[in-house]
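Okay, here's what each chain looks like letter by letter:
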Amino acid sequence: MPDDSAQAAPNPATDIITCDACPVLCRIRAGRTGACDRYGNLDGVLTRMDPFVVTQKVAERDGELVPFGEQVWDGSLISGAPTFVTGIGSGTTYPDYKPAPFIVASEHDGIDMVTVVSEAIFSYCGLKVKIDTDRFVGPETAAVRVAGEQVGHVTTAEYGSQMLSVGGVRHLTGGSKREGTVTCDTMLALSNREAIEMTIDGGAELTVQAGKPPVIGGKLEERMRVGCGSATIGIFAKQWHGEADEVIVVDDHITGVLSEHQAGRFLDMKPAGLRVRGRRSTPGRYFQVAEPGTGWGGTDVTDPLTIIDKIDPKKAWPGLRLLMVSTTGEDAAFFVLDDDLEPQPAEMPDKLQVVVERIGENCEPALSTVIFMAGAGGSLRAGVTENPVRLTRSVRQALTRVTCGGAPVYVWPGGGITLMVDVTTMPEGSFGYVPTPAIVAPIEFTLRLDDYGKIGGHLNAVRKVEEIAGIERLKTVRWHARTDWPGAPLKTDRESAE
Amino acid sequence: MSAPPSHAILPDGRRRHFQHGPIDLVLEAFGAARETETAYARAWTRFETVLDELAAELPALRAPVTEAAPALSGPVARAMGRACAPHHDSFVTPMAAVAGAVADTVLAAMTEARELEKAYVNNGGDIALFLSPDASLTTGLVTLGARPSFDGFARVEAASPVRGIATSGWRGRSLSLGIADSVTVLARTAAEADVAATLIANAVDLDDPAVRRQPARDLAPDSDLGARLVTVEVDALAPDRIDLALARGLERARVMARRGLIVDACLALQGETRGLGQVLVSAA
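In order, the protein sequences belong to chains A and B.
Residues in the first sequence are numbered consecutively from 25, following the working numbering.
Residues in the second sequence are numbered consecutively from 700, following the working numbering.
Among these hints, one or two may not hold up.
What the hints assert, rightly or not - Computed from the model, here is a short list of chain A residues facing chain B with C-beta under 10 Å:
(1) P47
(2) R53
(3) R56
(4) G58
If you are wondering where the hints come from, they were derived from the structure by calculation, not from laboratory data.
For each residue, glycine too, the CB sits at the ideal point set by N, CA and C.
Excised from the complex, chain A in its bound form (with noise of 0.2 Å):
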């Protein structure tokens, strides 16, 4: 009974669905649960809400991965496939009661593994959120807030993204009862890969989705800039020669300003006269030309003029041809000089045009990137071991595998098992919560049998892996190909002691 035992009777008719899972045969519509909360109606098929999910390999056939998606596959698990059991599902208290951490014997490759598996709670847990944008979100250390309540602030820059810390203990319990509510519902969201949308003191609004392009001041962010502007002078300084006398690269960090530019002098180009606003770095490089701003280049300019501080009758001349550009090709402006020197709209050409648009094409797709940072520590150990600071040892030595939902964790150096994972690696719906407030994730330690006998591990708890295909509410899903096969076997302990 690997699966769901209830069986579903659809009616046509309507979106309902009659669960005969318990004498009260509930009929249940679509998006709806019945009155146990414990199966629902999720497009016309009755499905078990809580499930406790496996992994399997995807299945090998003629040389080829055959995706479960092509076959009519019921969930149920595949007997003779690699199997992870993973944590999710393991051991939340309602509105079941699960006993937790289980401690699954396997084989993979010959070698007896043992995974315990577990889903912890994470008080002292936070989110670091990366946003590809030029555009200025807000000042470094600013808060960031949902609904009113602080959740985290803004901290460093990177090149072409803004970093955001979420969560963290501070602001689970150690603010507001409300600030943490919010914290707890908020990180849960964005674990869970739904959209958040929060604000940042003395700077923008954004809606940010794991794994979706951010939205920052209600526009979609669709692309990371190719390079600074001084880079993008760099790289397509040739491809403008001869079709434009002058090329202003507007951005937030560094304006480039071709005709002054090393890239431009290499050309032999004629210097153009064009002084921009702010500071001069090198030749042609120029800091702080605006304000930061959801504008041109993540500066404030809306009109690309502003940032023109003076022309130099001595060196400019009437029909002088000026491209002004972003450093994403999302805003782009083409003006001639008339005889005053006064530069007037004209019509872009489409040799410039064609550059402009190459810009945009080798621009990456700027996305929101959410990873989740814990310290596994204190009691969750002694569900692995006697002996917890073996645990720790074993992962230090790479005796034991951390996962997470099955994808592999970063382990920090340093003490503790202090793990990073990209949510998006993780199974759907791999989060949840308790009320202190703190957030639950999935937690895994997979090593040999032998090495679990050596640190102290709980043999005699030790269950087969086909024990648990016999889990009600068992779900299986398709083992990540992005990542390594969890449940893959580690080297022993001789091997790395030599």
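Starting from the known structure of chain A, arrange chain B on it as the hints suggest.
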């Protein structure tokens, strides 16, 4: 295929968990091991048939209670009818007391002829208590809210008439006509507390653009509430609106307390709480 009732010992090694369909009970008996083991065994025997008994007369249990005694045959069903009868001037069906009545029934089987210090049966937040003389029990108060949170506690002494605690609200498992996040009631039995919490939660109400409702049957085709509008979303309300809605519920609770139907009540809406202040202590 219908799954049979199941029972388990919780990880703490003390509490028992019984589950059948929508019923989830957590039970604990305090006393000598021989006594508690027998108590759990008796509780299980009683529990095994409870859902089938109720399912057999569901149509009558979903019909409104009127002045005339409803035609109910099973002992749990009759207890539901009895708990609802004093409230027949409002719309109410015996289902409003189902969770509490099941808790009372299993508690009675568990404690009958046993030497126990105390015991409880918690049916998804609706709790039946047994206390020997001098015993007391402290229970946490969970406000349902956007996410449930611990908000206070109630200490019930043996000398108090309270043997039942129940919580209701639109965010809970059952549908509600009102907008209370959470109403917790202390009464003589869990069934009486259950129906009172349901009706007080219904009374915490007002018309406001922030409140969205839908016919109950559009959500759950078999709901005893039929075409009545139930709350599906409550956006942020202005402070004076919260105050008004809570005042309406509190008035309802006061009338029930005067009639001797309840001992105490605590009402919560968007971070504000009101109570009769008899037993419940807010931690907020």
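Notebook entry, point to check: Looking at the structure, which of the earlier hints fail to hold?
Noted result: Of the numbered hints, all hold.
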